[in-house]
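Enquirer: So the chains spell out like this:
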Amino acid sequence: MSNLIKPDISVNIGRLKLKNPILTASGTFGYADEYDDFMNVSNIGAIVTKGITLNPKTGNPQPRIKEVKNGLINSIGLENVGIQDFIDKKLPVLKENNIDFILNIAGASIEEYIEIAKICQSNNIETVELNLSCPNVKSGCLEFGKDEKTLYKLVSEVRKNFDNTLIVKLSSNVSFPEKMAKTAEKGGADAISAINTVKAMNIDINKNLKGFKSIKGGLSGSCIKPLALNFIYEIRQHIAIPIIGMGGISCFQDMLEFFAVGADAVQIGTANFTHPDLSDTLVIELNNFMKQQNYGSLAELVRDLRYEY
Amino acid sequence: MSNLIKPDISVNIGRLKLKNPILTASGTFGYADEYDDFMNVSNIGAIVTKGITLNPKTGNPQPRIKEVKNGLINSIGLENVGIQDFIDKKLPVLKENNIDFILNIAGASIEEYIEIAKICQSNNIETVELNLSCPNVKSGCLEFGKDEKTLYKLVSEVRKNFDNTLIVKLSSNVSFPEKMAKTAEKGGADAISAINTVKAMNIDINKNLKGFKSIKGGLSGSCIKPLALNFIYEIRQHIAIPIIGMGGISCFQDMLEFFAVGADAVQIGTANFTHPDLSDTLVIELNNFMKQQNYGSLAELVRDLRYEY
Amino acid sequence: MQLKTQNKIKGPHIVEVLSNIKLSDDTWKLTFQNQEIAENAKPGQFVSILCEDLLLRRPFSVANTINNSFEIIYKVKGKGTKYLSSLRNGESADIIGPMGNGFTIENKNSLLIGCGVGIAPINFLSNILEKSGIKHSFVACSQTFINTGITENQVIITEDGSAGLEGRLDQHLKKIINEVKPEKIYTCGPNPAMAYVSLTAEKYEISVEAALERDFACGTGVCMGCVIQIKDNNKTINKRICKDGPVFRGNEVLWQCPI
Amino acid sequence: MQLKTQNKIKGPHIVEVLSNIKLSDDTWKLTFQNQEIAENAKPGQFVSILCEDLLLRRPFSVANTINNSFEIIYKVKGKGTKYLSSLRNGESADIIGPMGNGFTIENKNSLLIGCGVGIAPINFLSNILEKSGIKHSFVACSQTFINTGITENQVIITEDGSAGLEGRLDQHLKKIINEVKPEKIYTCGPNPAMAYVSLTAEKYEISVEAALERDFACGTGVCMGCVIQIKDNNKTINKRICKDGPVFRGNEVLWQCPI
Ligand SMILES: Cc1cc2nc3c(=O)[nH]c(=O)nc-3n(C[C@H](O)[C@H](O)[C@H](O)COP(=O)(O)OP(=O)(O)OC[C@H]3O[C@@H](n4cnc5c(N)ncnc54)[C@H](O)[C@@H]3O)c2cc1C
Ligand SMILES: Cc1cc2nc3c(=O)[nH]c(=O)nc-3n(C[C@H](O)[C@H](O)[C@H](O)COP(=O)(O)OP(=O)(O)OC[C@H]3O[C@@H](n4cnc5c(N)ncnc54)[C@H](O)[C@@H]3O)c2cc1C
Ligand SMILES: Cc1cc2nc3c(=O)[nH]c(=O)nc-3n(C[C@H](O)[C@H](O)[C@H](O)COP(=O)(O)O)c2cc1C
Ligand SMILES: Cc1cc2nc3c(=O)[nH]c(=O)nc-3n(C[C@H](O)[C@H](O)[C@H](O)COP(=O)(O)O)c2cc1C
Ligand code: FES
Ligand code: FES
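Residue numbers (the numbering used here), protein chains in the order written: chain U, 28 to 336; chain C, 28 to 336; chain L, 21 to 279; chain G, 21 to 279.
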């Protein structure tokens with residue numbers, strides 16, 4: 028294999044053809060325009076938008092973020108512009124600039140998810156990622172991603188109303204990862220993405236034992252990487268659809284680890300905050316690595332990475 | 028309140044009267060004698076033994092440990108001397124040296140737990156902590172701590188056969204922490220301890236993509252503290268029995284945080300490896316802090332720590 | 021909207037340290053060499069510095085620019101700022117910026133009030149107004165004296181009386197306003213100080229611009245971690261301090277509730 | 021068994037750095053001041069050093085003791101050893117030890133074989149045998165020359181030929197054994213080297229003691245993280261390298277399977 032041929036690092040997720048397997052994770056990349064200062068965003072495989080709801084949301088009160096050791100706890104509460112505003116204002120920018128994107132959507136009820144799915148369908152949105160971690164108001168404030176029956180109902184109903192690529196994003200805060208993954212696949216998901224942030228809490232106690240500052244939210248960043256790798260490894264053998272892995276990826280080596288345990292593509296989240304040009308750099312590094320190691324296609328590399336495993 | 032009076036830092040867990048709330052966690056303190064080089068072990072509230080099974084266990088193959096950022100993944104596989112050897116050889120040392128202890132027990136079936144419980148009962152073991160994270164061979168390799176029905180059966184059966192203090196140790200790898208805690212309480216637990224290690228994986232990929240070294244096991248150390256605080260906060264409001272908190276405690280401030288979110292006592296685990304004299308130091312620091320802040324009893328301090336919350 | 025697709029205009033820049041000097045017990049001034057940041061930075065804007073292996077960058081106001089270099093003035097608080105204080109001449113740092121929106125510069129008699137390390141952006145603003153020949157007075161308040169080098173036009177207030185007037189800002193502000201008769205006030209510092217400035221100015225019907233602070237995660241406007249409620253007619257809306265600010269008009273901030 | 025209840029006899033000791041010198045490209049020698057460790061340490065025992073904010077201590081063989089000080093010889097590999105290489109005279113480190121069981125010292129003509137940083141405990145042993153007047157020869161093998169200062173009685177083998185004999189241990193060992201005719205062999209180094217030594221010695225019916233290595237978590241014998249399978253009559257049993265070792269008899273180790 029010649030070094031001169033540009034390796035093929037494209038990957039298919041459902042009907043979505045990604046030019047490369049490096050995506051940016053929901054909530055950590057806005058709607059792409061903010062990162063225009065740091066790179067040519069259209070180089071990335073795709074960006075995943077901030078979670079979009081039917082109506083705009085103002086999110087949670089402060090404090091919303093807290094750095095912990097190698098991690099970040101966030102409690103943003105899904106502040107977003109709402110689906111209509113996204114379509115009116117953000118979508119044209121993405122299209123005009125040839126930025127491939129995946130729409131991350133969230134709802135407080137199955138009906139709400141269905142309604143957003145219909146809007147996506149009629150607006151020719153190509154790919155949707157279902158964020159399951161909002162509380163499910165109807166079934167007594169459980170989260171959708173924790174209960175097999177609700178998850179099946181949600182995924183299959185969205186599936187009925189949206190016939191393009193559907194990704195289901197799973198949380199690791201569950202008793203049986205493989206059951207949730209199988210349920211999503213059975214419900215009609217084209218791919219699984221995982222992991223979402225991990226439930227966490229921080230409390231700062233000051234000397235006089237007064238005025239504690241606390242935050243309950245989702246933990247992300249490199250401290251969750253061992254949990255994410257385990258999660259993906261556990262579900263890989265139970266499903267046939269592709270997996271988009273994420274959780275603490277902050278360098279090229281991390282990305283390879285996700286491929287090794289079962290991912291077909293990856294998302295970069297919190298590390299965008301640390302290194303705003305990371306996803307762009309990873310695309311370059313992946314190309315170079317493939318050339319150095321004489322790989323013609325990503326599929327070959329991934330096969331070798333999984334081989335000894 | 029006079030500074031001269033020694034503050035009362037004792038705490039009751041079921042019928043167990045602890046002279047102070049600082050314990051050492053199972054699997055991180057052996058059977059106490061190894062730490063004799065670093066402190067007077069009888070100063071500590073109690074030590075929790077390595078998990079003991081009915082028969083001796085040789086544990087998992089290597090690699091068994093791997094350090095990650097601020098954490099440790101272990102896959103020891105419950106290597107231990109077995110209950111009879113414990114009673115014959117380890118128990119006399121603990122008794123002779125006035126070391127208060129809690130026996131951590133594990134089984135591969137409910138019958139095995141019951142059998143160990145009976146042996147504990149007949150040997151006047153005062154306190155038992157149930158480790159639920161071994162695979163439950165009978166119910167298709169699920170873990171006991173993940174399924175409400177199995178958990179209830181396990182706890183209530185052990186309860187019937189052991190009438191001294193029974194602590195149930197929970198894992199955070201569950202969908203609904205509060206359900207598991209309530210189930211353990213209903214089953215007859217005198218206290219909950221949490222959290223056990225968190226499922227995690229590490230994989231080292233070397234340059235030539237050959238000979239990966241991987242480990243799947245339980246994550247402990249300061250990187251799991253935000254998960255542990257969240258877990259304890261979530262279960263606190265649903266149960267009345269005491270909670271023994273653990274997960275990444277490595278200094279005095281950490282300990283206060285666990286009291287703040289709902290713990291009545293704490294266990295020090297991985298941090299023993301870093302600072303072998305930590306638990307002893309914490310006892311001294313707690314006494315000093317109580318004096319400085321003019322607290323007469325631990326209960327008062329804990330009340331204030333929870334107050335603003 | 022056509023995006024720029026021009027690469028890395030805001031960094032990450034690998035930037036050389038020219039000097040790192042102590043201004044007071046816990047306050048330091050770092051000077052970095054970087055033409056792009058030095059040319060583009062406006063008073064009130066900030067840079068975000070990668071601090072060793074800390075997950076999040078730390079934001080610092082640009083405190084001055086001189087030719088191809090720029091300065092920050094920082095107070096050592098935790099790990100990040102401790103790392104900054106360890107930087108030596110010739111070493112380098114990974115910096116993005118300039119970020120956010122700076123102060124609006126108007127040809128009005130201006131009163132500049134910097135408290136604590138809030139002196140940093142005010143110091144930069146003062147230099148720019150000076151260069152533009154805009155009339156202004158600079159009030160620098162701090163617990164103890166922070167020697168920024170500026171003395172002309174500067175009223176110094178220190179709580180410990182180590183330089184200038186002794187006491188706190190609220191003991192002196194009204195008198196200063198009455199003397200200076202500013203048409204506009206710029207401020208940066210702890211929230212209670214800025215709230216006091218803002219509410220006092222309102223009584224005098226003087227418009228205020230305040231540079232706010234809060235923990236940042238992304239510092240680029242994508243995470244919604246730093247939002248603040250801003251008065252917008254009869255309702256309140258969320259604005260991002262890092263992207264929509266850090267400079268806001270004093271009268272649009274809800275100073276009463278915790279910011 | 022009555023426990024000692026004597027506090028902190030193995031530390032943590034806060035120990036002063038007396039010197040930190042480079043022996044080769046990536047190998048250094050650190051000398052610490054501490055009477056207790058210096059008095060009690062035996063060749064083959066190790067100390068565990070807290071390395072900044074790393075979670076786990078790092079174990080290092082005691083490489084020598086001189087009066088109230090002791091030495092370690094270490095190779096810079098990752099964060100922990102990088103931190104060690106940054107230590108300067110007068111700074112201090114948090115150390116526990118001496119831990120584990122050392123070599124058994126017998127009055128027998130001994131061959132000492134240290135490979136790579138495995139030279140460290142062998143160096144200490146050599147000094148002790150020297151003091152005790154026990155006949156011994158010291159073979160030091162490494163990729164490139166590591167200057168430990170010892171030259172008498174020492175056969176140096178370097179792969180790059182930078183000192184002594186050129187080549188690898190297996191090219192020279194049999195010849196050395198035939199010359200020295202040792203009654204006992206002590207070894208420390210990478211597992212393949214120790215395996216080779218052990219299996220070769222078996223053929224000559226010479227008993228071997230080998231100081232093993234593996235990642236430690238506790239380093240005190242409580243976690244069962246470092247166990248190795250040891251031949252015990254017809255079966256194998258687990259032994260902890262940190263507590264039951266690190267020194268084992270060569271013929272009780274299952275060298276074939278990955279250790
Ligand atoms: C727009 C902006 C401009 C700033 N300009 C300056 C400046 O010119 N000079 C200066 O000394 N400081 C400035 N700060 C504050 C500075 O960013 C923090 O002091 C610094 O991040 C603390 O980092 P640390 O690692 O040393 O402390 P940490 O250990 O992270 O924290 C110490 C304390 O500072 C708080 N803190 C942590 N991160 C931030 C943050 N990103 N923003 C605000 N508070 C934080 C923590 O909650 C904690 O109370 C600015 C902050 C913002 C948002
Ligand atoms: C009983 C004993 C005595 C030792 N004596 C010496 C000595 O005298 N001189 C010396 O240079 N080294 C010695 N070592 C090895 C030394 O402990 C490791 O090189 C060191 O821990 C690496 O730490 P690090 O943070 O620099 O590297 P890391 O980043 O932690 O790791 C770099 C590589 O070293 C391996 N490693 C990490 N921790 C250990 C560990 N605890 N033990 C073995 N390998 C590890 C890792 O798996 C990795 O491959 C000894 C080890 C043991 C168990
Ligand atoms: C500030 C922030 C906001 C997030 N918002 C969303 C969101 O709206 N929808 C979603 O599915 N995931 C959201 N996530 C989760 C990330 O997409 C990702 O799953 C998680 O952060 C783990 O990856 P990381 O460790 O690389 O950050 C958010 C994460 C962060 C840090
Ligand atoms: C090496 C090791 C062995 C452990 N063995 C046991 C065990 O046998 N039984 C048990 O219930 N928990 C065991 N644990 C879990 C600890 O008791 C504790 O729950 C966990 O480590 C979290 O606390 P930490 O972060 O303070 O270590 C073990 C932990 C470690 C690190
Ligand atoms: S810090 Fe992320 S939006 Fe401001
Ligand atoms: S490292 Fe823990 S038993 Fe040896």
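Some hints here could point you the wrong way.
[Stated by the list, open to error] Computed Cβ-Cβ distance ranges for the label pairs, DEER-style: (1) L/Lys42 to C/Ile311: 34 to 40 Å; (2) L/Asp73 to C/Glu123: 46 to 52 Å; (3) G/Ser106 to U/Phe279: 22 to 28 Å; (4) U/Gly104 to G/Pro210: 24 to 30 Å; (5) U/His265 to C/Asp115: 43 to 49 Å; (6) U/Lys116 to L/Lys128: 48 to 54 Å.
[Claimed, not checked] Only some residues are given here: those of chain G computed to face chain C with a beta carbon under 10 Å: (7) Ser182; (8) Gly184; (9) Lys263.
No lab work stands behind these hints: they were computed from the structure. Backbone N, C-alpha and C define an ideal beta-carbon position, used for all residues, glycine too.
Enquirer: State for each hint whether it applies.
Expert: Each hint, compared with the structure:
no. : hint                             : result
1   : L/Lys42 to C/Ile311: 34 to 40 Å  : 36 Å, holds
2   : L/Asp73 to C/Glu123: 46 to 52 Å  : 47 Å, holds
3   : G/Ser106 to U/Phe279: 22 to 28 Å : 27 Å, holds
4   : U/Gly104 to G/Pro210: 24 to 30 Å : 54 Å, violated
5   : U/His265 to C/Asp115: 43 to 49 Å : 45 Å, holds
6   : U/Lys116 to L/Lys128: 48 to 54 Å : 35 Å, violated
7   : Ser182                           : 25 Å, violated
8   : Gly184                           : 31 Å, violated
9   : Lys263                           : 7 Å, holds
The earlier numbered hints that this structure contradicts are 4, 6, 7 and 8.
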